[in-house]
Amino acid sequence: VILIKFCDRLHNMRTLDSLPEHRRLRMALETRDIYAPLAHRFGLGKMKVDLENLAFKYIDPKMYDYLLKKVRLSRNERIAYLNKMIVPIQSDLEKQGFSVEVQGRAKHLFSIYNKMRFKNKQFDDIHDLYGIRVIVETEKISDCFAVYGYITQKYPPIPQHFKDYISIPKHNGYQSLHSAIIGPKGHVVELQIRTRRMHEFAELGVAAHWRYKEKITKDDAAVDSFLKWARELIKDADTASASAFMEGFKLNLYHDEIYVFTPKGDMKSLPAGATPIDFAYAIHTEIGNGCIGAKVNGKIVRLNAELRSGDRVEVITSKNQMPKPDWLKIVVTHRAKLKIRAAINEERRKEIEKGRNIFDKMLTGTKRLFTENDAIRAIRKQGIKTPADLFSALANQQISSEEVMESITRPHGKSAGPKENAPAQVKPPKKGFAAIAREEQARTTSHKDEVTIAGMNNIAYSYAKCCNPVPGDDIIGFVTTEGTVKIHRKNCVNVTNENSVKSERIVSVAWNRKLNTEFLAGIRIVGEDKVGMTNQITGVISKFDTNIRTITLHAKDGIFVCNLMIFVKNTSKLAALMDKLKKVQGVFTVERLSA
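Taking our numbering, the leading residue of the sequence shown gets 1, the next gets one more, and so forth.
Hints were generated in silico from the structure; no laboratory data involved. Please note that a few of the clues may not be correct.
In silico DSS-like cross-links for lysine-lysine, where the CA-CA straight-line distance does not exceed 27 Å [to be verified]: (1) Lys95 x Lys154; (2) Lys62 x Lys119; (3) Lys107 x Lys46; (4) Lys70 x Lys185; (5) Lys69 x Lys46; (6) Lys46 x Lys185; (7) Lys107 x Lys163; (8) Lys185 x Lys84; (9) Lys299 x Lys530.
Required output: the full structure, derived from the provided sequences and hints.
As structure tokens, then:
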């Protein structure tokens, strides 16, 4: 049915002149925004190009005519240029034993227009209008890579333009090697290499499925992928309004793709710009709803982190997590947006139901002496506009039933303000860790024997506030302009930065063996935001007989971050403490702070 609809739309666009102008424009916009990208999604490359060019002709006729003339004027020159490459490439590859068809190809008008628009270029500034496609008459994928190797021996490739869609096909099943090479006279030439079957699927998409039906192997998987995507889209349609559905539908059609992996190695295709939340919802709705964080390639990342192709993503969940309205600004997939809205609406419905029950009990206590109108007046006194707002506020304890009752019984009085039941948040001190370190450790210690400085006696030194070295750390000294020495950890960024530190000002230093002094060290703990987490952490520290200088807490989107400054005697004690903290249930990472 979809294929027939595409053919019908293509016929309509070819006969569009018979319609009034306003209908032509409406149909052209619909074709550009829906039909052309949908054709691309189903792998119908030729159909997509035809639909885009026809839509462009009616949306911006002046620009269309301008580009058409420009392309026609340069056509003979372009053909002559490409033939200078096609003939020797064909000959060289046949000498190597490959059976190939080498085609010249040109950017189509709508593609040129988009490049001019998005890169703010004039037609004459676009230098990659040339393209060559090599179709290898074989089913051996390795031949495509071998052909690429032979071609790039003669024509230098541009490495950043290489894309391997054979090993990792696009979501619509498209397979090909893409690159760009430097041709004669320094022109950039786009290069595509694919087998004959890959070419058929690139041009005809799902329609090519039936051409090879008698010997289908992987092609069934490609068609199944298209149909699965369509079913998912339609299934999600019941949870959204028509406008929201179409908005998300168009959004998902346009995005480029990235390929990321689960911890087990399963590949997921997502739109470019996708976040860990998008990935979580791609796995399962419950995993998305409970997502509180993610590890990307083994490192904790924020929920708004942008994923990249090849990332290995592990979703961290909590049964106490609920989707937040802010997530809608983060996610890019249609599915994630629909599921988040559905979860938020369901939570809102439960809140309203809970608040309604509280309100009904309140009225029962007054023997129903007050009407709905009395309640509405009370709502207005609280600055709440609708009954739903009131019920939600009651459920969340933003106001109490006593305050509502007081407003009802004192129609001319001043209503009480909302009850402040929100838990107090621990705010970080105005002074950062560097300032705390400076207070505790920026002391001149020439009269102590904590550190030995090579070749220097009785020189004043202090510990750098940027890295807080502790006995056991590999350390190095840096002679300041005041003639004192700053002691840094060897891996401190301020030491490894060659632009900021000159080698002649670096001196060798070492810890003295017998030290009984406590040093300030910083630790950052990241974990699940749940009740009792702080008590568990401080409990572990107290068992180590370690004093805490300061502790700052921050929680957002279900992730708990605790920064500690503690006193320790050496790195062994510090490492042992960090190992214990890593074993606390709900802790994801424990790292040493540099500053």
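>> Could you work out which of the previously given hints the structure breaks and list their numbers from low to high?
In response: 6
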